[in-house]
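Novice: With the hints in hand, could you dock these two chains into one complex?
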Amino acid sequence: MNVKVIDKIATVIFYTIAIIITLILFGLLCFILVKGLSGISWDFLTKPPENLRAGGGVGPQIFNSFFLLLLTMLFTIPLGIGGGIYLAEYSKPNTITYAARLVIEVLSSLPSIVVGLFGLLIFVQKLGMGFSLFSGALVLMIFNLPLMIRITEQSLRAVPVEQKEASLAMGISHWKTITSIMLPIALPGIITGTILTAGRAFGEAAALMFTAGMSSPPLDFTNWNPLAPNSPINPFRPASTLAVHIWKINSEGLIPDAAQIAASASAVLVICVLFFNILSRWIGKLIYKKFTAA
Amino acid sequence: MVTCNNISLDQKDIAIETRDLNIYYGSKHAIKNLSMQIKKLDITAFIGPSGCGKSTYLRALNRMNDLIPITKTTGKILFDGININDKNVDLATIRQKIGMVWQKPNPFNKSIYENIVFALKYYGIRQKQILDEIVEDSLRKVALWDEVKDRLHKSALALSGGQQQRLCIARAIATKPEILLLDEPTSALDPISSGKIEELLFELKQDYTIIIVTHNMQQAGRISSYTAFFLLGDLIEYDETNVIFTNPVVDKTNDYIMGRFG
Numbered sequence: 001m002n003v004k005v006i007d008k009i010a011t012v013i014f015y016t017i018a019i020i021i022t023l024i025l026f027g028l029l030c031f032i033l034v035k036g037l038s039g040i041s042w043d044f045l046t047k048p049p050e051n052l053r054a055g056g057g058v059g060p061q062i063f064n065s066f067f068l069l070l071l072t073m074l075f076t077i078p079l080g081i082g083g084g085i086y087l088a089e090y091s092k093p094n095t096i097t098y099a100a101r102l103v104i105e106v107l108s109s110l111p112s113i114v115v116g117l118f119g120l121l122i123f124v125q126k127l128g129m130g131f132s133l134f135s136g137a138l139v140l141m142i143f144n145l146p147l148m149i150r151i152t153e154q155s156l157r158a159v160p161v162e163q164k165e166a167s168l169a170m171g172i173s174h175w176k177t178i179t180s181i182m183l184p185i186a187l188p189g190i191i192t193g194t195i196l197t198a199g200r201a202f203g204e205a206a207a208l209m210f211t212a213g214m215s216s217p218p219l220d221f222t223n224w225n226p227l228a229p230n231s232p233i234n235p236f237r238p239a240s241t242l243a244v245h246i247w248k249i250n251s252e253g254l255i256p257d258a259a260q261i262a263a264s265a266s267a268v269l270v271i272c273v274l275f276f277n278i279l280s281r282w283i284g285k286l287i288y289k290k291f292t293a294a
Numbered sequence: 001m002v003t004c005n006n007i008s009l010d011q012k013d014i015a016i017e018t019r020d021l022n023i024y025y026g027s028k029h030a031i032k033n034l035s036m037q038i039k040k041l042d043i044t045a046f047i048g049p050s051g052c053g054k055s056t057y058l059r060a061l062n063r064m065n066d067l068i069p070i071t072k073t074t075g076k077i078l079f080d081g082i083n084i085n086d087k088n089v090d091l092a093t094i095r096q097k098i099g100m101v102w103q104k105p106n107p108f109n110k111s112i113y114e115n116i117v118f119a120l121k122y123y124g125i126r127q128k129q130i131l132d133e134i135v136e137d138s139l140r141k142v143a144l145w146d147e148v149k150d151r152l153h154k155s156a157l158a159l160s161g162g163q164q165q166r167l168c169i170a171r172a173i174a175t176k177p178e179i180l181l182l183d184e185p186t187s188a189l190d191p192i193s194s195g196k197i198e199e200l201l202f203e204l205k206q207d208y209t210i211i212i213v214t215h216n217m218q219q220a221g222r223i224s225s226y227t228a229f230f231l232l233g234d235l236i237e238y239d240e241t242n243v244i245f246t247n248p249v250v251d252k253t254n255d256y257i258m259g260r261f262g
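Quick mapping for you: the protein sequence lines, in order, are chains A and B. Residue 1 is where the first sequence starts when you use my numbering, and the numbers rise one by one after that. Residue 1 is where the second sequence starts when you use my numbering, and the numbers rise one by one after that.
It is worth saying that the hints were derived from the structure and are not from the lab. Incorrect hints may have been included.
What the hints assert, rightly or not - Heads up, simulated DSS-like pairs for lysine-lysine below, C-alpha to C-alpha not over 25 angstroms straight-line:
1) B:K97 x B:K128
2) A:K92 x B:K72
3) A:K176 x B:K76
4) B:K154 x A:K285
5) B:K97 x B:K121
6) B:K104 x A:K176
7) B:K154 x A:K290
8) B:K87 x A:K164
9) A:K176 x B:K97
10) A:K176 x B:K28
11) B:K87 x A:K92
12) B:K28 x B:K97
13) A:K35 x A:K289
14) A:K164 x B:K176
15) A:K92 x B:K28
16) A:K164 x B:K39
17) B:K149 x A:K290
18) B:K205 x A:K176
19) A:K289 x B:K87
20) B:K104 x A:K164
One chain only, chain B, in its complex shape (with noise of 0.2 angstroms):
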């Protein structure tokens, strides 16, 4: 397969990394070697077409594919100068720095102030006004709070698609992650919401690594700084995003952003 990789970051500059990462999904091998930088503090984006291996990529770097029993990872991630794909590292102590927003807005069925405060409570913070503080500059951070800031305790749920996503990312960096992992964060919602999402995102890339799944061509476009192409598993291209969707060298990276297949 022919591969582009024109990303190699100082060490300083690297969020986390992977190294000859490969994951089998039964009998499919889903990603195929793997070795790239991710950019600290920036927005990198993965694209490709359905079932290329991108979103099972993602899932692994928080190591949420543990959840299903049938898959296997074998390589190096190194996250804080650690192999977080190990057996003997504390699941718990990673997620924790490595926050999570899904497709499908998921917030806890549980009141908007519950839904931010839950994890805080379980890593054992238990001072009210801390947590009051944490909600209010939480859901400041996505631009909730004026909207919501007088029904925090009523239920999540009555949200709109938009603010329970926009609730999602506030729940994620309640916790002060360093890289939150988007996984198609706007493909359930409308365009305005996910312009919305886009902003944010655009505003807290000051504060935390950024690795967001699309599916949208303008939206990989618009917001990120890198963009690495995946296909059936391997990874095609991957370098700064102007490159890539100006003048990938790849001729199927070209093909894919034309619209030609996927």
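Same shape as in the complex, but just chain A (with noise of 0.2 angstroms):
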């Protein structure tokens, strides 16, 4: 056959490729939506579930997803860059680097129900921290650790060495030129992966059962005591998330609009996740304008 001919028919497949990839994502999108958004009001996004009758809201489950976030990312960023770091400009190539790298590939394709079960055992039992943010946030970490050191990681080896160079070669050191030079340039990447790891924080269900714990206490949004147990910001609460909510209702809910409040569960869900893409890629572009003038 002709090249051209090849080429063409190259072309086609690869195009319709991308337009199933696109109309199966925008369907189930579209899907979520339609079904949830009729549920959807200020009740709904305010108001703490109801047990028996209908109409209850997921007011706590938002607010818990969102905080259990910022306690996961708390934990995730700093090991996760630092991780990275490590491998990418300090390991040297010998047993204890490929050990940590065949530790962090096997934790990486841990089923999340498995973590899960280890957070339960040692966290919540061992270390006695209950059902609470604080366990979650921590199941959540090892869940997210390793994507998060191997994404930084690459994104520092794929800063070009000149600039790397360029740096050292005037007499600043290693670490300035990591902090100034390097990181900024793989500011982008690492923004990727901080999203990816955060999208997974709000998807995941398996892993929060056993160590977020499926229920919320009542919360009282006035008192602002870490230490008070009915406190929203107390992280040693226990505290379903929205996706843990959604199996939940979905499994075991008692109350009849079940499917609705699923659904309306789901759809703000997903506006949330979007939302926090948006958001978390707009303060990237900030900071990353910030340090290079670009």
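Specialist: Structural data, given as structure tokens:
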């Protein structure tokens, strides 16, 4: 066959694949939003869920999702970036590095339910943290670290070596070169990693059922004492997130309007993820601008 | 190997000197038993075919080969009376005094202003007035000031290739080094930009010792006072540039300059 014809066929095939993927995603998104949007109201977004009657909301679950995300990021970002910097810039090709890489790879392929059970055993029971946001955040950190480390390492390795050399050749220390020259250039990649891990934190249910718990205590949004059991910002209280809540009412909900609430909660979850993506890309752009004058 | 090193300088005229320098790059012996002296406040050119070791040697002079774990450097590099090829020397101080410019312009992904003051701030200069003065002074020296003075805080990556390379030279001289190492600084540039850089180097030699690696014979002939010809890790011939280009002693030098190989 003629090279030009093959080229045409390949182009058509790739366009078709792209269109199919877009259509599937778009269809899914429309399905979730169409089924869910009708049930979304101010009450639904702010009120706590009902146990037996119809008409409850998902207010605390939305708050829990964002709060858990914040805690998870607080643990994951410093450790993940630190690990990535170590692997990209400091590790020597020896057995320790090899072992570390192996562990990270194994960790990244662990099923989330296994990580959840590990969390239940260690954080919830052995360390006595109970079903709490804290246990949940630690488990999500374990779950997300491999991705965060890998993406940071790759972003740093992708920084042109000329940039690094230019800095070192002026007598600037390795650490200063990493923080002031390399990290700003690697930032867009690291932001992508952050968004991916955040998306997983939003959507994760299996690992959280056993660690953050499947219920939320009645919250008093006027109580900001982080140690009070009914305070929303107490990290040691149980907290069901949106994703866990959706799973729970779908599988064991006793309320008559369970299906509608699950659909609406799903729509809220998708919108939250979308909102977070846009927000973090925007913040990332601002930081990048500040560091690079681009 | 026939070696003809006719340059022997008074101690006060030596900017940097190597004695019995050997550089191994993995299993490759990249520089063999090299002893040579570089004249202060003048331009010395290193020429030779690709892979002859001239760039490796250049990078050894401010210890940039340290970044490549498989290189090993033995012998002495004498600069300001100390052997800088020593584990215990402070790399920051050496690199502050021996600046470098690469083949591909590599300004930092920052503003023009930040490119120049980045190292200065790191060395502890904080007063804005002093920084501003150094920025203007450095940019004037490389004849870039008039072209960029209105956009000092815009990204350096928006400059043309030739402008970027002049900015890199400005960045290197902003820290007041004694020696400038240039690794084929014009080979990625168009002829007009190259010409500007050559003129600039000619000006700069009043204040700095310049060592330039180049593949461009005419360039070496035009701007340098001394030329060293390398081949397969050996220094073949080192003499005043007019001798190398008009009356070389070693046949290989002549063949290379005449373009018979390389």
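Novice: Hint by hint, say whether it matches the structure.
Specialist: Here is what the structure says about each hint:
The hinted pair formed by B:K97 and B:K128 meets the criterion: a straight-line CA distance of about 23 angstroms does not exceed 25 angstroms. Note on A:K92 and B:K72: the hinted pairing holds, with a Cα-Cα distance of about 17 angstroms set against a maximum of 25 angstroms. Distance restraint check for A:K176 and B:K76: the Cα-Cα separation of roughly 29 angstroms exceeds the 25 angstroms cut-off, and the hinted pair is therefore not satisfied. Using a Cα cut-off of 25 angstroms, the hinted pair B:K154 and A:K285 holds, with the two alpha carbons roughly 16 angstroms apart.
Note on B:K97 and B:K121: the hinted pairing holds, with a Cα-Cα distance of about 16 angstroms set against a maximum of 25 angstroms. Of the supplied pair hints, the one linking B:K104 and A:K176 holds, its CA atoms being roughly 23 angstroms apart against a limit of 25 angstroms. The straight-line distance between the Cα atoms of B:K154 and A:K290 is roughly 11 angstroms, inside the 25 angstroms bound, and the hint therefore holds. Straight-line distance between C-alpha atoms of B:K87 and A:K164 comes to about 21 angstroms, which keeps the hinted pair within the 25 angstroms bound.
Taking the CA atoms of A:K176 and B:K97, the gap is near 19 angstroms; set against the 25 angstroms cutoff, the hint holds. Proximity of A:K176 to B:K28 is assessed by CA-CA distance (about 33 angstroms); at most 25 angstroms being required, the pair is judged violated. This hinted pair checks out: B:K87 and A:K92 have alpha carbons roughly 19 angstroms apart, not beyond 25 angstroms. Annotation: proposed proximity of B:K28 to B:K97 is violated, straight-line Cα distance about 29 angstroms (limit 25 angstroms).
Only pairs whose Cα atoms come within 25 angstroms are accepted, and A:K35 paired with A:K289 is rejected, the gap being roughly 40 angstroms. Distance check on the hinted pair: A:K164 and B:K176 sit about 21 angstroms apart at the alpha-carbon level, within 25 angstroms; holds. For a cut-off of 25 angstroms, the pair hint linking A:K92 to B:K28 stands: about 22 angstroms separates their Cα positions. Between the alpha carbons of A:K164 and B:K39 the distance comes to roughly 30 angstroms, so the proposed pair goes past 25 angstroms and is violated.
With a CA separation close to 20 angstroms, the supplied pair B:K149 and A:K290 stays within the 25 angstroms bound. A distance of roughly 31 angstroms separates the Cα atoms of B:K205 and A:K176; the hinted pair therefore is violated under the 25 angstroms criterion. At most 25 angstroms may separate the alpha-carbon atoms for a hinted pair to count; A:K289 and B:K87 exceed this at roughly 39 angstroms. Under the criterion of a C-alpha separation no larger than 25 angstroms, the hint pairing B:K104 with A:K164 is consistent with the structure, at around 13 angstroms.
Of the numbered hints given earlier, the model fails hints 3, 10, 12, 13, 16, 18 and 19; all others are met.
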